[in-house]
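> Position chain B relative to chain A; hints supplied.
Residues per chain are reported as follows:
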Amino acid sequence: MSSPEVIETTNEDDEMATTALEMPDFDDEAATTGLTAIRERPDLTVEFAKQLLTNPVTNASGTISLSSRKAVNLGQFGLLFTKTQGLKARLGNKGQRIWETPSGMLNAIGLPRLSLDDFIALEWPRWLELSQNLNVPVGISFAGESSVQFHDITRKLDRLEGVFALKANFGCPNVKEGLAFGQDPGLTYEAVKAIKEATDKPLVVKLTPNVTNIAEIALAAQEGGADALAAINTILAMDIDIEAGQPVLGNTTGGLSGPAIYPVGLRCVWQITDPKAGFKIPVIGIGGIDCWETAVKYFMAGATLVGIGTANFCDFETAGRVVAGIEDYCAKKGYKSVREIPRAKFPE
Amino acid sequence: MKTEQEVAMVIKRDSLADRICKITLQCPKIASRCRPGQFVRLQALAQKSILPRPLAVYQTDEDGRLEVVVKDTGPNTGLYSRLRPSARIRVSGPHGQPVEIKPEIEKVWLIGGGSGLASLLPLAALLEGKKASVIAGFRTKAEAFGQKDFGQWIKWFSVAIEDSDGQKEWHSDFSGRASDLFSLQLKGCCELMLSEVYACGPPAMEKAVAEICREYGLPCFVFLERLMACGQGACLGCSVPMMDKTVKYVCKDGPVFPAEEVNWNELA
Numbered sequence: 015m016s017s018p019e020v021i022e023t024t025n026e027d028d029e030m031a032t033t034a035l036e037m038p039d040f041d042d043e044a045a046t047t048g049l050t051a052i053r054e055r056p057d058l059t060v061e062f063a064k065q066l067l068t069n070p071v072t073n074a075s076g077t078i079s080l081s082s083r084k085a086v087n088l089g090q091f092g093l094l095f096t097k098t099q100g101l102k103a104r105l106g107n108k109g110q111r112i113w114e115t116p117s118g119m120l121n122a123i124g125l126p127r128l129s130l131d132d133f134i135a136l137e138w139p140r141w142l143e144l145s146q147n148l149n150v151p152v153g154i155s156f157a158g159e160s161s162v163q164f165h166d167i168t169r170k171l172d173r174l175e176g177v178f179a180l181k182a183n184f185g186c187p188n189v190k191e192g193l194a195f196g197q198d199p200g201l202t203y204e205a206v207k208a209i210k211e212a213t214d215k216p217l218v219v220k221l222t223p224n225v226t227n228i229a230e231i232a233l234a235a236q237e238g239g240a241d242a243l244a245a246i247n248t249i250l251a252m253d254i255d256i257e258a259g260q261p262v263l264g265n266t267t268g269g270l271s272g273p274a275i276y277p278v279g280l281r282c283v284w285q286i287t288d289p290k291a292g293f294k295i296p297v298i299g300i301g302g303i304d305c306w307e308t309a310v311k312y313f314m315a316g317a318t319l320v321g322i323g324t325a326n327f328c329d330f331e332t333a334g335r336v337v338a339g340i341e342d343y344c345a346k347k348g349y350k351s352v353r354e355i356p357r358a359k360f361p362e
Numbered sequence: 000m001k002t003e004q005e006v007a008m009v010i011k012r013d014s015l016a017d018r019i020c021k022i023t024l025q026c027p028k029i030a031s032r033c034r035p036g037q038f039v040r041l042q043a044l045a046q047k048s049i050l051p052r053p054l055a056v057y058q059t060d061e062d063g064r065l066e067v068v069v070k071d072t073g074p075n076t077g078l079y080s081r082l083r084p085s086a087r088i089r090v091s092g093p094h095g096q097p098v099e100i101k102p103e104i105e106k107v108w109l110i111g112g113g114s115g116l117a118s119l120l121p122l123a124a125l126l127e128g129k130k131a132s133v134i135a136g137f138r139t140k141a142e143a144f145g146q147k148d149f150g151q152w153i154k155w156f157s158v159a160i161e162d163s164d165g166q167k168e169w170h171s172d173f174s175g176r177a178s179d180l181f182s183l184q185l186k187g188c189c190e191l192m193l194s195e196v197y198a199c200g201p202p203a204m205e206k207a208v209a210e211i212c213r214e215y216g217l218p219c220f221v222f223l224e225r226l227m228a229c230g231q232g233a234c235l236g237c238s239v240p241m242m243d244k245t246v247k248y249v250c251k252d253g254p255v256f257p258a259e260e261v262n263w264n265e266l267a
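Going down the list, the protein sequences come from chains A and B. Residue numbering for the first sequence follows the working numbering, starting at 15 and increasing by one per position. Residue numbering for the second sequence follows the working numbering, starting at 0 and increasing by one per position.
Here chain A stands alone, though its shape is the one from the complex (with noise of 0.2 Å):
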């Protein structure tokens, strides 16, 4: 215990667990407390795709398994999405698949999955039973190679009973045009009207930030007849190890998530939800979501549901955290709903 690097100030080690932590400041709490018994909580519901969901706050795909549920308490979401599924079943990347990047990950994970079958079979029934146990409806993500391909397995899907919605990833690339779905307003109204002529259920469509111009894709989802957006999908990205002198990624690239992102996530939301722009259908906002301030700033950016994905692996608690937060924040802003959290003042 004499090490000469022991921390010598008692300030940074009050930081450490402050700061790092988030621990409640105890007075606050008390305060908050005592206006819970004379002040009405805030309503956290939020209509999405024509149901009601307890609250706004649902995870990013690809960051809550079934597995999850030993960890997280899976309870505190008010929607939540499977991984991507597809037709095929996939192993994923080979070599290194994550790393840590300032405020951020890299990943490049390769969608390993069972085939479509298999999910339906084996994987769905235990996704349902999870969502009746926990009264947390539960969504379908999933992806296609082509147009024909993303219609064939909406036709699957739309057979499944319980599903809440089903999310088109468009970050993954159209094998014939080797372009992400995404990243073409053309293949995106294509592909959208094929998934909307194989099913009624309410479509989100997952949109890539890896383009010029966002508005111009979350239009051409909306004429394909696209019932929601969800923004933003990880950011293409790479690092380099300088010792081996090669990108520490086995896929060289990979998709940058976490804090680091919000920013980027703002704005594209921002982009998507200008009526002015002729925007009509509710987003998703998704990107670096790891505490209730930032999810608040997505709902100034226009967002109705919040999303949180690498967070959820920092701490498992994070979505409680998030759900809480915004109740507190529309408690202490006066409003009876977070419905009534308003746009933010953009200049015109």
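Honestly, the hints are just simulated from the structure, not real lab data. Treat the numbers as computed from the prediction; the structure is a model and nothing was measured. Every residue gets a Cβ at the ideal spot worked out from N, C-alpha and C, and that includes glycine. Check before you lean on any hint, since a few could be wrong.
Claimed, not checked - Computed cross-link-like contacts, DSS-like style, restricted to lysine-lysine with a CA-CA straight-line distance of at most 27 Å:
no.: 1; chain 1: A; residue 1: Lys108; chain 2: B; residue 2: Lys140
no.: 2; chain 1: B; residue 1: Lys244; chain 2: A; residue 2: Lys102
no.: 3; chain 1: A; residue 1: Lys108; chain 2: B; residue 2: Lys244
no.: 4; chain 1: B; residue 1: Lys206; chain 2: A; residue 2: Lys84
no.: 5; chain 1: A; residue 1: Lys84; chain 2: B; residue 2: Lys247
no.: 6; chain 1: A; residue 1: Lys210; chain 2: A; residue 2: Lys64
no.: 7; chain 1: B; residue 1: Lys206; chain 2: A; residue 2: Lys108
no.: 8; chain 1: B; residue 1: Lys186; chain 2: B; residue 2: Lys21
no.: 9; chain 1: B; residue 1: Lys28; chain 2: A; residue 2: Lys84
no.: 10; chain 1: A; residue 1: Lys294; chain 2: A; residue 2: Lys210
no.: 11; chain 1: B; residue 1: Lys1; chain 2: B; residue 2: Lys206
Said to hold, decoys possible - Just the calculated beta-carbon pair ranges, DEER-fashion:
no.: 12; chain 1: A; residue 1: Thr59; chain 2: B; residue 2: Thr72; range: 45 to 51 Å
no.: 13; chain 1: A; residue 1: Ser81; chain 2: B; residue 2: Ile104; range: 27 to 33 Å
no.: 14; chain 1: A; residue 1: Gly348; chain 2: B; residue 2: Pro97; range: 34 to 40 Å
no.: 15; chain 1: A; residue 1: Arg173; chain 2: B; residue 2: Pro84; range: 57 to 63 Å
no.: 16; chain 1: B; residue 1: Arg213; chain 2: A; residue 2: Glu143; range: 41 to 47 Å
no.: 17; chain 1: A; residue 1: Arg173; chain 2: B; residue 2: Met192; range: 53 to 59 Å
no.: 18; chain 1: B; residue 1: Pro97; chain 2: A; residue 2: Glu143; range: 37 to 43 Å
no.: 19; chain 1: B; residue 1: Glu61; chain 2: A; residue 2: Gly348; range: 34 to 40 Å
no.: 20; chain 1: A; residue 1: Glu230; chain 2: B; residue 2: Glu259; range: 51 to 57 Å
no.: 21; chain 1: A; residue 1: Glu307; chain 2: B; residue 2: Ile10; range: 29 to 35 Å
no.: 22; chain 1: B; residue 1: Pro97; chain 2: A; residue 2: Gln65; range: 50 to 56 Å
Relative to the frame of chain A, chain B by itself:
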């Protein structure tokens, strides 16, 4: 088994060797659930760092205390190594699958390299009534630790020092690698009985031990370390390529794998 998360209080920190320390945490929910082979994750403390770091569990007790062993190699492990008593830190665990040693196994070798030795101590406690031998390999003598702690359960504790200066303060001091000492011990062993080998350390050491075990037909189990994000089998980042072309994951299937099932050539 449920993975818990709790805010642990640091009770004390003890130096074990050069840049290696033991942190005793008060985290009763996790301590009571941890089984040999499993690990915990500590909240990232370094600025700009977000992912919790997996750490070996050294010992637990019935009073809710849990010891982790940290080697100061980077910004987070550096800050863990400076945690003071009464500091609080978020801990999750147990992660991974526990190790079970079958009753019919008669002899067990525990082979640790550097701070990797720490993961093997909980296994030592399972070996009552069996013949057991520890081989602890360190790069220098200044990094050596563990003899007293393993001595609670195991009599045979041999140390291999790669850069040995010839001093013989430690029991069975050996100049060379842990795998070389293991090989030497096997050659002098008249009867292998029903044996198993557990290795935890740098990949090169584990691979060398696995190769020796293959030659002798000994079952070998290795503790694998991979960069990890979720610790719950969700992100599928901590992949381990297997010989049968499947992929397993350190956080949900490991961290202990049969060495012969791991595709060492594809393990990045």
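> Work down the list of hints and note, for each, if the structure agrees.
Against the structure, the hints come out as follows:
1. For the hint linking A/Lys108 to B/Lys140, the alpha-carbon distance of about 37 Å lies beyond 27 Å, and the restraint is violated.
2. Proximity of B/Lys244 to A/Lys102 is assessed by CA-CA distance (about 16 Å); at most 27 Å being required, the pair is judged to hold.
3. Distance hint between A/Lys108 and B/Lys244 is fulfilled; the C-alpha atoms sit about 11 Å from each other, no more than 27 Å.
4. The straight-line distance between the Cα atoms of B/Lys206 and A/Lys84 is roughly 32 Å, outside the 27 Å bound, and the hint therefore fails.
5. Between A/Lys84 and B/Lys247 the CA atoms are separated by roughly 18 Å; this keeps the pair inside 27 Å, and the hint holds.
6. At most 27 Å may separate the alpha-carbon atoms for a hinted pair to count; A/Lys210 and A/Lys64 meet this at roughly 16 Å.
7. With a C-alpha separation of about 19 Å, the suggested pair B/Lys206 and A/Lys108 falls inside the 27 Å cut-off, and the hint holds.
8. With a C-alpha separation of about 35 Å, the suggested pair B/Lys186 and B/Lys21 falls outside the 27 Å cut-off, and the hint is violated.
9. Taking the CA atoms of B/Lys28 and A/Lys84, the gap is about 14 Å. The hint holds against a cut of 27 Å.
10. Of the pairs offered as hints, the one joining A/Lys294 and A/Lys210 holds, with about 17 Å between alpha carbons and a cut-off of 27 Å not exceeded.
11. For a cut-off of 27 Å, the pair hint linking B/Lys1 to B/Lys206 is broken: about 32 Å separates their Cα positions.
12. Range check, A/Thr59 to B/Thr72: Cβ separation about 48 Å, and the 45 to 51 Å hint holds.
13. Checked against the hint of 27 to 33 Å, the pair A/Ser81 and B/Ile104 passes, with Cβ atoms roughly 29 Å apart.
14. For the pair A/Gly348 and B/Pro97, the supplied restraint of 34 to 40 Å is violated, since their beta-carbon distance comes to about 52 Å.
15. The hinted range of 57 to 63 Å is satisfied by A/Arg173 and B/Pro84, whose Cβ atoms lie roughly 60 Å apart.
16. The given range of 41 to 47 Å is respected by B/Arg213 and A/Glu143, whose C-beta atoms sit roughly 43 Å from each other.
17. The hinted window of 53 to 59 Å between A/Arg173 and B/Met192 holds, with their beta carbons roughly 58 Å apart.
18. Take B/Pro97 and A/Glu143: their Cβ atoms lie about 26 Å apart, and the range 37 to 43 Å is violated.
19. Taking the beta carbon of each, B/Glu61 and A/Gly348 are about 50 Å apart, not inside 34 to 40 Å as hinted.
20. Separated by about 54 Å at the C-beta atoms, A/Glu230 and B/Glu259 satisfy the suggested range of 51 to 57 Å.
21. Distance hint for A/Glu307 and B/Ile10: a CB-CB separation of about 33 Å, consistent with the stated range 29 to 35 Å.
22. For B/Pro97 and A/Gln65, the Cβ-Cβ distance of about 41 Å falls outside the hinted range of 50 to 56 Å, so the restraint is violated.
In summary, the structure is inconsistent with hints 1, 4, 8, 11, 14, 18, 19 and 22 from the numbered list given earlier, while agreeing with the others.
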